[in-house]
Amino acid sequence: MELLVFVLASAMVLAGAIGVIACNNPVHAALGLVLTLFGIAVHFVSMEAHFLAAVQVIVYAGAIVVLFLFVIMLLGVDRAEDLSVEPFQIQRPLAVIVGVAISGLVIAAVVRGRSTLGEQLESGVPGDDNIRELARSLFSDNVFAFELTSVLLIVAVVGTVVLTRRQRGGASK
Amino acid sequence: MTPTTTWYLVLAAVLFGVGVVGLMIRRNPLVMFMCIELMLNAVNLSFVAFAQAFTDISGQTAVFFVMVVAAAEVVVGLGIIIAILRRRPGATIDDLAELKG
Chain A
1 MELLVFVLAS
11 AMVLAGAIGV
21 IACNNPVHAA
31 LGLVLTLFGI
41 AVHFVSMEAH
51 FLAAVQVIVY
61 AGAIVVLFLF
71 VIMLLGVDRA
81 EDLSVEPFQI
91 QRPLAVIVGV
101 AISGLVIAAV
111 VRGRSTLGEQ
121 LESGVPGDDN
131 IRELARSLFS
141 DNVFAFELTS
151 VLLIVAVVGT
161 VVLTRRQRGG
171 ASK
Chain E
1 MTPTTTWYLV
11 LAAVLFGVGV
21 VGLMIRRNPL
31 VMFMCIELML
41 NAVNLSFVAF
51 AQAFTDISGQ
61 TAVFFVMVVA
71 AAEVVVGLGI
81 IIAILRRRPG
91 ATIDDLAELK
101 G
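These protein sequences, in sequence, are chains A and E. Last residue of the first sequence: 173 (our numbering), numbering continuous. Last residue of the second sequence: 101 (our numbering), numbering continuous.
Mixed in with the good hints there might be a few duds.
[Stated by the list, open to error] Restraint ranges, calculated between C-beta atoms of paired labels, are given here:
id: 1; chain 1: E; residue 1: Met1; chain 2: A; residue 2: Pro93; range: 33 to 39 Å
id: 2; chain 1: A; residue 1: Ile154; chain 2: E; residue 2: Asp94; range: 15 to 21 Å
id: 3; chain 1: E; residue 1: Val66; chain 2: A; residue 2: Arg112; range: 30 to 36 Å
id: 4; chain 1: A; residue 1: Arg136; chain 2: E; residue 2: Asp95; range: 27 to 33 Å
id: 5; chain 1: A; residue 1: Glu2; chain 2: E; residue 2: Ile80; range: 38 to 44 Å
[What the hints assert, rightly or not] Covered by chain A, per the in silico footprint, the following chain E stretches (three or more residues, Cβ under 8 Å):
id: 6; region: 30-41
id: 7; region: 46-55
id: 8; region: 74-88
For the record, the hints were derived by calculation from the structure and aren't laboratory data. Ideal placement from N, C-alpha and C gives every residue a C-beta, glycine not left out.
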């Protein structure tokens, strides 16, 4: 059962990722991103990280992808990009080589270090305890960083408003 | 046969590699942003896998902060992209090499 969930969710993740990098149309790429994010959320649930799975669906699939789609529609860049035109001939093969090399390096490191991980996934903190544990960690050990995230979000919002504000009539202030 | 931590880490590595390839071959700035999201999610997946393997909640806390920073980063990045594309419609990454608005 767990194996089936893992295989299906991994297929979702990888199919969505391939969709993101291979679709000509940015809207289709955003939908591929949604598929990937849902697959990751399924993985989170199967690893007992229930709170993060919910946040993944709400924040990523709900907010970030909608923001992407909003910008695509707003700018009208949803026409297809022609992927067959390649300005630098060598770039695409080199990119694939670099990507495969990075993946291979990490996989090799994981396989080599497998003995330190322990082969069997222990069933961690069960059910509701996950949220309780996460809250305890957030509000005791990491409370300073948690407060700083509010400052970060405010700065990001104000900065974006300033960046995208239309300046009227050449009166650039 | 149940999936072990190693499987999740291998999946995260593959997803990260796909994100890297996409970042290098795409020219649309929005799609490049999506590829960055793919890479962030790969790292999140490995964080949660490690948190599960060592039964330590700190990994999940790190994922929480990564999500917050990713949200802020997307907001600012899309704001910059809107500001650029409003002046130069249809610009790809190659057209933005001069850092002039």
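List of violated hint numbers, smallest to largest: 2, 3 and 4
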